[in-house]
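Asks: Below are the chains, spelled out letter by letter.
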Amino acid sequence: MDRDKIIKNILSENITIIASLPLGGRVSLTTELLYDYAIQKGKKTFFITLEKSTYNLALLISKISKLKADLIFKYLEPCLISSKDDIKIDRDKYIAAIEKIRRSNLYIEELDDASIWNWYLDRFLESIEEEKYDLVIINRLDMILEKSKCNINRMLSKLNEASRNYKTKFIFITGVNKQHDEFELKDIKNYYKLKKYLKNVILLQKITKSELEVINYWNLYEVGRFKLKEVN
Amino acid sequence: MKDKFKELLDNKVTLINVKERGKVDLILELLENFSIKNNYKTYLFSLGIKNTYYNNALISKLSGIPKKIIQKYEYPYLGISKNNKDKIDREKYIKTIENIQNSNIYMSDTIIFNEDIVDYILPDMHEDILIIDNLYNFITKSNYSETEIFKKLNKTKMIDNIILFTNNKQLESLNLKNNYKIVEIGND
Chain A
1 MDRDKIIKNI LSENITIIAS LPLGGRVSLT TELLYDYAIQ KGKKTFFITL
51 EKSTYNLALL ISKISKLKAD LIFKYLEPCL ISSKDDIKID RDKYIAAIEK
101 IRRSNLYIEE LDDASIWNWY LDRFLESIEE EKYDLVIINR LDMILEKSKC
151 NINRMLSKLN EASRNYKTKF IFITGVNKQH DEFELKDIKN YYKLKKYLKN
201 VILLQKITKS ELEVINYWNL YEVGRFKLKE VN
Chain B
1 MKDKFKELLD NKVTLINVKE RGKVDLILEL LENFSIKNNY KTYLFSLGIK
51 NTYYNNALIS KLSGIPKKII QKYEYPYLGI SKNNKDKIDR EKYIKTIENI
101 QNSNIYMSDT IIFNEDIVDY ILPDMHEDIL IIDNLYNFIT KSNYSETEIF
151 KKLNKTKMID NIILFTNNKQ LESLNLKNNY KIVEIGND
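Respectively, the protein sequence lines represent chains A and B. Heads up: the first sequence at position 138 corresponds to 138 in the numbering used here, and the numbers run straight through without jumps. Heads up: the second sequence at position 16 corresponds to 16 in the numbering used here, and the numbers run straight through without jumps.
No wet-lab data here; the hints were simulated from the structure. Just so we're clear, the structure is a prediction, and the values are computed from it rather than from any experiment. Incorrect hints may have been included.
Stated by the list, open to error - Derived list of chain B stretches under chain A, where covered just means 3 residues or more per stretch with a C-beta under 8 angstroms from a C-beta of chain A:
| # | region |
| --- | --- |
| 1 | 10-20 |
| 2 | 90-102 |
| 3 | 139-153 |
Said to hold, decoys possible - Part of the chain A face toward chain B, derived, beta carbon under 10 angstroms:
| # | residue |
| --- | --- |
| 4 | I89 |
| 5 | I108 |
| 6 | L156 |
| 7 | N160 |
| 8 | K167 |
Beta carbons: idealized from backbone N, C-alpha and C, even for Gly.
Same shape as in the complex, but just chain A:
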């Protein structure tokens, strides 16, 4: 299945949970979604993340400008040890891409602390009537569930209601940023735990540099393998 169909598939339900992504895969896929929805289609998109969004921003600028993401990252974080480099950026392309993001309807909020999620969610639900987002991506559900004692049934029912009223699509991303072996074990557990709540739970795994394989949960043991092309 091609990339567009996968993204369409992800957006087919009001709420989708995408489970089991290592960091690189999560960043790639969320950036794809942000690029498609906010930059290409001009939709109002809100990305709430419990991780630093600099990687997403670097990839997004890279997609828009066609400049290399690792070079962009060095300009976003010039005080990192890896920042010293003789290769200079094309300043006009770089700035033009940033200005394109400024003109878009993309909004990102970094939350430092998952424990305030319940308070944050109520505030967010109050604002949604006015904001009427087309797409909201929430990264990472596993941290929210672990640290906020959030009632997942209540949250999903509230978001479903918001989705029906304002046609907003919600995507949760879950996963851990650990070594490969630990990641697989915990993620598979997360995935089975979450799929009882929703029909649209998608498991992504086996991220390699050249491909991103997507396995739908209902096809987990059948041949449900899809590929996303490399975004780096």
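Given chain A, work out where chain B should sit, using these hints.
Replies: Only chain B this time, still in chain A's reference frame:
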């Protein structure tokens, strides 16, 4: 080097108590003085505050571009950035970033506090000067006691000087048991 900054390097570990506002400006001034003017390898370890905050402030200080404009280019996805009237001086902005890349200033942040910072990160650091902002987070979010932390800081072999930042309120609540060289900056 200005005398008031030279004094900060007299001891291995120095605690700066900033009594008034202006901590960020002071840290930026130290980074500029130590690293750009004197070529010391200086590392800012920001605990609880994102390093991008200092990054923006530093670009602003060195380039003369107002912080609010830099912010719109560093965070193009914020509501306040969507007003497209403010355009940046591209040459000045990129040149300043490249100057910082080529300088001896390094920064990182962490919102995860555990013993790893003390046991694994600090011993691996090779710096002339390490600035830690701030002492309160460093002590309260670690399982080590204040005495143990200071002992470990003093024992680091590959860092020449460590400067920790605090303010009056934090200092009082920490109720430090030992005497450290505390430099007071600002009026009561």
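Asks: Hint by hint, which ones does this structure get wrong, listed from lowest number up?
Replies: Numbers 1, 3, 6, 7, 8 - these are the hints that the structure violates, sorted from lowest upward.
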